[in-house]
Amino acid sequence: MRHFLLITILVFSIGKSSGQDITWWVASKMDDNHTLWDGQQVNIWAFGLYDSVGPIRSTLPAPLLRANYNDSVHINFFNVSPEDHTIHLHGLDVNQANDGVGSTSFEINPNDSTTYKFKASYSGSYFYHCHVLTTLHLAMGMYGYIIIDYPGNVLWQNGPGYNKERVYLISDLDKSINDNPISPGPLNEHDPDYFMINGLSKQDLKDTSQVVFANGGDSVLLRLGNMSYNKAVVRFPAGINHTVYMSDGREIPNAFSPDTLVIHSGERYEIICKPSQYFVDSIQVDYYDQVSGNLDETNYIYWNEQPDGLSDMSKKALYVYPNPAINYINLHSESDDYLSIYSHDGRLIDEQNIKRGDNHIILSELSQGMYFFNLRKMKTTVKIIKQ
Amino acid sequence: MKTTFLLSFLLLNLISLATVYDTLYINKDTAHVGIETRHFCFYNRTADFTQTNHHLHIPSNESLELYIQNNDSLIQNFTIDGVINQDIPAFGSTSITLNNLSEGSYRYYSNKLYGEKLGASGILISGYDNHNRYAWNMYEIQGFRNDSIALSLNEPNVNYLPDFFLINANHHPNTLTDSTSRITGNVGDSIIISIANSGRMIHSLHFHGYHVQVLHSNNPNNFQINWSKDSFGIEIGEVITVLLVPDKEGEYPVHDHNLRAVTNAGLYPGGMINRLSIQP
Numbered sequence: 001m002r003h004f005l006l007i008t009i010l011v012f013s014i015g016k017s018s019g020q021d022i023t024w025w026v027a028s029k030m031d032d033n034h035t036l037w038d039g040q041q042v043n044i045w046a047f048g049l050y051d052s053v054g055p056i057r058s059t060l061p062a063p064l065l066r067a068n069y070n071d072s073v074h075i076n077f078f079n080v081s082p083e084d085h086t087i088h089l090h091g092l093d094v095n096q097a098n099d100g101v102g103s104t105s106f107e108i109n110p111n112d113s114t115t116y117k118f119k120a121s122y123s124g125s126y127f128y129h130c131h132v133l134t135t136l137h138l139a140m141g142m143y144g145y146i147i148i149d150y151p152g153n154v155l156w157q158n159g160p161g162y163n164k165e166r167v168y169l170i171s172d173l174d175k176s177i178n179d180n181p182i183s184p185g186p187l188n189e190h191d192p193d194y195f196m197i198n199g200l201s202k203q204d205l206k207d208t209s210q211v212v213f214a215n216g217g218d219s220v221l222l223r224l225g226n227m228s229y230n231k232a233v234v235r236f237p238a239g240i241n242h243t244v245y246m247s248d249g250r251e252i253p254n255a256f257s258p259d260t261l262v263i264h265s266g267e268r269y270e271i272i273c274k275p276s277q278y279f280v281d282s283i284q285v286d287y288y289d290q291v292s293g294n295l296d297e298t299n300y301i302y303w304n305e306q307p308d309g310l311s312d313m314s315k316k317a318l319y320v321y322p323n324p325a326i327n328y329i330n331l332h333s334e335s336d337d338y339l340s341i342y343s344h345d346g347r348l349i350d351e352q353n354i355k356r357g358d359n360h361i362i363l364s365e366l367s368q369g370m371y372f373f374n375l376r377k378m379k380t381t382v383k384i385i386k387q
Numbered sequence: 001m002k003t004t005f006l007l008s009f010l011l012l013n014l015i016s017l018a019t020v021y022d023t024l025y026i027n028k029d030t031a032h033v034g035i036e037t038r039h040f041c042f043y044n045r046t047a048d049f050t051q052t053n054h055h056l057h058i059p060s061n062e063s064l065e066l067y068i069q070n071n072d073s074l075i076q077n078f079t080i081d082g083v084i085n086q087d088i089p090a091f092g093s094t095s096i097t098l099n100n101l102s103e104g105s106y107r108y109y110s111n112k113l114y115g116e117k118l119g120a121s122g123i124l125i126s127g128y129d130n131h132n133r134y135a136w137n138m139y140e141i142q143g144f145r146n147d148s149i150a151l152s153l154n155e156p157n158v159n160y161l162p163d164f165f166l167i168n169a170n171h172h173p174n175t176l177t178d179s180t181s182r183i184t185g186n187v188g189d190s191i192i193i194s195i196a197n198s199g200r201m202i203h204s205l206h207f208h209g210y211h212v213q214v215l216h217s218n219n220p221n222n223f224q225i226n227w228s229k230d231s232f233g234i235e236i237g238e239v240i241t242v243l244l245v246p247d248k249e250g251e252y253p254v255h256d257h258n259l260r261a262v263t264n265a266g267l268y269p270g271g272m273i274n275r276l277s278i279q280p
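Sequence lines, in order, name chains U and H.
Taking our numbering, the leading residue of the first sequence gets 1, the next gets one more, and so forth.
Taking our numbering, the leading residue of the second sequence gets 1, the next gets one more, and so forth.
In short, the hints are calculated from the structure, not lab data.
Note that the coordinates shown come from a computational prediction; the quantities given were computed from them, not determined experimentally.
Heads up, the beta-carbon is just placed ideally off N, CA and C, and yes, glycines get one too.
Careful: at least some of the hints might be erroneous.
Once the Cα atoms are required to be at most 25 angstroms apart in a straight line, the calculated SDA-like pairs of lysine to any residue come out as [claimed, not checked]: (1) U:K119 - H:E249; (2) U:K274 - U:N158; (3) U:K117 - H:Y210; (4) U:K119 - H:K248; (5) H:K248 - U:S105; (6) U:K119 - H:E251; (7) U:K206 - U:N241; (8) H:K248 - U:S121; (9) U:K117 - H:V187.
Computed footprint of chain U on chain H; a stretch qualifies when at least three of its residues, placed anywhere within it, have a C-beta under 8 angstroms from a C-beta of chain U [stated by the list, open to error]: (10) 157–167; (11) 206–214; (12) 217–230; (13) 257–269.
Using the sequences and the hints, build the whole thing.
Next up, the structure:
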């Protein structure tokens with residue numbers, strides 16, 4: 001069975017507050033697997049969430065972690081694997097103790113845990129990844145996104161706004177290493193043969209969870225980041241009406257609209273697109289080998305019109321309404337699943353089974369605020385506002 | 001009044017014509033990378049072969065009078081793209097004058113196969129007089145390819161697959177004790193770092209702990225000037241100048257984020273890993 005990683009988030013968070021204490025629970029694992037576009041499965045070392053019953057299945061890429069600008073963030077990190085790991089907070093400019101580099105701070109031994117702390121001083125996109133034997137551990141899949149939101153669906157205070165968001169993480173994988181990480185061979189010879197966006201490739205990127213659904217009048221925020229061993233060249237189609245506003249968690253002084261955007265390993269970008277009416281096209285992502293300069297692969301981010309009556313979480317994946325909600329929320333799922341409700345600071349509030357079709361979720365016992373509804377099978381998290 | 005004006009004018013011209021002098025020796029020899037011994041060619045400060053290229057600096061509004069001695073038995077060369085391209089005869093010498101360079105960083109190199117590809121490539125910084133200045137020259141090698149070029153003047157017909165990744169001709173952990181690579185400073189310092197890609201592959205650099213401001217690039221297609229970045233790419237032949245103003249103390253790595261390049265002969269950690277050591 002294919003596992004589609006859904007890190008697409010529908011933006012409904014207008015008015016949420018910042019400056020809170022946020023806690024994420026994260027686990028490192030080395031015993032899960034990932035299904036490639038051709039149906040082959042590979043071993044991955046990866047991060048997953050950690051809930052009241054223990055670590056949840058890890059994924060490639062790792063679960064998206066979000067906080068608000070000015071939040072104080074704690075990451076309770078549990079290493080439930082047989083080797084040392086860390087979390088490096090890539091781009092967040094944390095202090096030395098929280099930098100997640102063993103030689104300058106510390107590593108987390110098997111079955112041990114720690115808490116990383118940082119202040120979310122800048123909105124934008126960042127990565128988290130293991131920084132132990134980094135070449136190998138990243139090749140195995142130990143990376144994911146951290147997003148710091150500025151309240152009000154703007155990129156920064158008084159910055160450009162948006163009403164939809166898509167998050168895309170560009171990466172790659174050398175299957176021979178994942179098949180035999182104990183003897184991976186010379187790491188300078190790492191030679192990716194699978195090229196991914198959000199862990200998916202080729203036709204899998206046509207899954208509705210990955211397609212951008214937008215109409216004329218929408219302002220769609222694209223977050224693009226590159227954790228691959230390649231240079232990614234992103235080619236924008238005519239009519240997408242895009243503007244690059246941010247990179248590496250900082251406003252850029254000269255917002256611009258390039259036909260192509262080169263994203264090197266480690267870089268992140270925020271781009272707002274205001275597509276024309278009836279815009280149906282795709283963004284081309286080319287992967288160039290940094291040593292040979294050769295074009296290794298091309299993937300596409302597909303755009304389509306927003307179907308009438310659907311949220312852009314898509315009919316196949318999941319949709320919820322109303323949101324924000326007061327007493328209840330309707331949740332439509334295409335399969336039986338298991339729902340976990342987390343508070344804004346990551347505490348597990350409730351769990352229940354979800355049946356295929358429509359589900360009526362009572363919210364009256366929840367206090368006002370932001371919650372995250374996680375569907376375990378679908379590996380989907382939706383942000384809910386309780387009023 | 002008129003006399004005072006003329007004297008001031010002459011004085012200003014004298015100041016603007018101030019010249020600094022420096023010398024480069026083009027030396028070839030073998031040097032160690034890891035446990036291997038490979039052939040290299042460097043622009044040294046002295047006639048003795050040392051495993052690094054001498055970095056040059058021209059203060060603002062001054063010119064550089066540069067004497068270059070070629071200790072190689074082959075014709076060598078001194079090129080700064082768009083500025084100068086001059087051959088130097090075998091065992092010969094030349095003098096060149098560089099002036100009117102705008103503030104920024106430049107890469108000089110020998111355009112001979114047995115020059116640049118063996119490591120003869122350094123950094124010239126123009127201006128930034130009141131800053132602490134560092135130069136990081138990124139250069140990777142496929143060891144046996146260097147030997148082939150040095151011994152036969154030919155490149156082996158095999159895919160380029162570098163096995164050592166050097167900053168100022170050193171690899172990690174030697175970079176941590178190399179005072180030209182490891183940055184030491186204090187919170188609030190203005191530190192200029194000139195970063196050149198003298199290799200054959202694209203590099204991408206990631207700073208831990210801090211963002212840096214991109215000030216200058218010799219690549220007209222670099223669109224990141226004045227951006228604040230923690231990660232950025234450096235195309236082949238590109239030189240980027242960044243400004244680091246540390247806001248906190250600590251020890252932070254800076255490394256190539258193409259993680260193949262943080263290895264020595266395939267083993268991690270190694271290669272292009274550097275360190276920032278910032279005191280209060």
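query = Quick check: which numbered hints come out false for this structure?
reply = none
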